[in-house]
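S.K.: Chain residues, written in single-letter form:
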Amino acid sequence: MDTTLIIGIAGILASAGPIVFAAIGETIIERAGVINLSVNGAILLTAMAGFAVGVSTGSVLLGMLAGALIGALVALIVAFASITLKQSQVAVGFVLALLCRDLAYFLGNPYMGLSGPRLPHLPIPGLADIPVLGTIFFQHDLMTYMSFVLIVLAYVYIFRTRPGLMLQGIGERPAAAYVRGANVNLLRYVYTVIGGALIGLAGPMYSLSVKAGWKGTISGLDGIGWIALALTIFGGWNPLRAALGAYFFAFLQWLGLVLQPSLPNIPSQVLQVAPFPLMILTLLLVNIGNAEWVDRTLAGLPERTRHALARVLRAMRTSPPAALGMPFEKE
Amino acid sequence: MNVELINIHKWFGPVHANDGITLKIPSGVIQGLLGENGAGKSTLMKILSGFYQADEGEIHLDGKPVKIESPADAIRHGVGMLHQDPLDFPPMRVVDNLLIGHQGGLFPNRAEAIRAMQDLQARFGFNIDPYAYVDSLTVGERQQLEIMRLLWLGARVLILDEPTTGISANQKEKLFATLRALAEQGMTVIFVSHKLEEVEELCHRVAVLRQGKLVGETTPPYRTEELVKMMFGKVVLPEDKTHFSSSDPLLRLENLSIEDYRLQIQNVTLTLHRGEVIGLAGMEGSGQRQFLQACAGIIRPVAGEIYLGEKRLTGRPYREFLEAGITYVPAARLEEGLIPGLTLTEHFVLAEPQNGLVVNRQKAAALTAQRIADFSIKGMPASTVESLSGGNQQRALLAMLRQPLNVLLLEHPTRGLDIESAIWIWGKLKERCRQGTGIIFTSADLEEILHYSDRILVFFGGKVSQPIEATKTSVEELGQLIGGKGF
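Residue numbers (full-length UniProt numbering), protein chains in the order written: chain A, 1 to 331; chain B, 1 to 487.
If we strip away everything but chain A, and leave its shape as in the complex, we get (with noise of 0.2 Å):
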């Protein structure tokens, strides 16, 4: 295989990392019934927050921690405003994005354009040298193989434990989940600020690891936050979908920069900003089976295209968490 290809395999991985953490750290706030619309402003705080503690302490751990911190913080005030004062969620979360956001340019200001500590580059001995596979998997930071197992465990932990299933329960039908004896308002606030610890770490990724530093509104990661939320729903509420939507944007992104040089027509700034409506394009196109006039046109096809693509779409359907959004009163 080429190297220029595999490198730039490894390199999708690692920048999608921050994305794949953001996106299931909502998957599990929004599986327990919570909308938390404060990704973007929340991944932009963190990242600057982290990159001050990073620069100040020069421990990039330290660094990762404040970001957790502070992300489970604003999860905090959603989950407060949400479960405990039943106050609109979507409000709450909306008006934290843009505070968020704002508090990072104008807080982070003094740590602009600085140079501060990177997260070490960490092969795994052995494995790092298998051809090939060595090179996608093996040669990354500490963070880049946590996102690997954080897809792996939210989906064991979401679809195959006990607490799992319960916590699929709260989100989908507090009322029954509250029959068999969870706590249903607890357990929402635990895993929203889990969840929120998780988008947290996103922050941190990008301003110790993938795009290292603190550059204010030109940092580029203003938008994010957004798209992990989109992968949220349109993966169907399933980290493994969430993630491959994760990977497939950061392949945009990619593919933004190496076409650059071969399109010189194409003014830069389209190329960076194409993946985002790219992105919602597919989102749109793999859920199109939940929509209603689809149903309606189908039934106008001849029998065999309608049986074929009715089961495609089929496949592809999604529900979300029944609950979702919506406080839980015992009566």
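Hints are supplied without guarantee of correctness; some may be wrong.
[Unchecked claim] Chain A residues, not near chain B, derived (Cβ > 12 Å throughout):
no., residue
1, THR217
2, LEU244
3, PHE251
[What the hints assert, rightly or not] Cut-off 30 Å, straight-line C-alpha distance, at most; resulting in silico cross-link-like pairs (BS3-like, lysine-lysine):
no., chain 1, residue 1, chain 2, residue 2
4, B, LYS463, B, LYS172
5, A, LYS330, B, LYS229
6, B, LYS67, A, LYS330
7, B, LYS378, A, LYS330
8, B, LYS378, B, LYS213
9, B, LYS174, B, LYS195
10, B, LYS213, A, LYS330
11, A, LYS330, B, LYS24
Derived from the structure by calculation, the hints contain no laboratory data.
Heads up, the beta-carbon is just placed ideally off N, CA and C, and yes, glycines get one too.
Once you have looked at the hints, place chain B on chain A.
M.R.: Using the frame of chain A, we list chain B on its own:
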């Protein structure tokens, strides 16, 4: 398990929902709990199953006083409740539904759960695929699943809240057989219902509640008039069977085929006449809903033609069906029929043809007062629809229908209503028939279908029988067809 409820009181604000109820239920007994909607049956059972705590009074289980703090606590004491709408997780698999809330290690033992489930299935003659998704099951099967789950968790008292609502005649027989078997094995079964025949058929003893009070207890042989008198305080008689069917064709279906991802309905040819009532019988989910929705223009049929008189409606948008005087009244009143949060007045205003931008308050008030009187809705003009009882919601839905109407498509028009409301609703529907409206309706209650229909279609797994004259058939014959015999 012996259950004793002693002097139970419960207030909701000024409403005295349970007023000093004392009831002893020995183990091995199927105890019926009869009463109108709002009589306090559900409140009492929710107190026993831990949803509410009584304001006064005690619960004794096997002679010991207990405090039941939550539904999970109740099941630890051996009290399990099957809710009218089974409290399960529709998009998840059957086996996962069993496992949620079951204690154990991090990784649930699916094999063990399936083994336990298969044992219970064998015991009661159930047949549910452990790997099926719950939303592909019928309401009856979901009840069976809940019963198995509660037994698996060690329930020795089983409370069933209106369990026969929305299940087929066959499933009802199976449910009753199961409950009898459980009682023989020493379980205590509490059967909450407002359906007299069922309670008379099944229960060893019956307690009747009215307006929060226990008004009486009886044992077999039951006298229906006595029970009715206890329930309502007066005797209601079913009205005469009247028919207004004509030979004037109204809605014509020619070789209609409908498909959705679960089910195919093929080549239905049917003519609905003016004033005629056609009942659709069959297990829940056999295609009746899709059929009604295709007639209403909500689902587009994949083949065939729909005519109203000479007007071809096939494939036209829903709005044109509405304009042609075809109206569909779905079963889920609050989800699909009414708008929770809006008041009765707002509903009636919305349903009227639009005149100008601003609502004329005086006219709206007059209209609402008149409708409330005409349809004897128990509610104020400013009452939100979700605060009304099921019967009154159904009345409000009927009050919103346009005048005149050609075709009325009704899904379970009397589901969950007490006898009085059901009879009243049918009176209003028959009034429509007299004016020339044709009605197609579904029901899980075969007696209702036989009583009110002129002709009957039986659905079985998407197959549709030829129209059967209601006067030339019987519950038994329909029951056989519903079970798939004769297709």
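S.K.: Hint by hint, which ones does this structure get wrong, listed from lowest number up?
M.R.: 5
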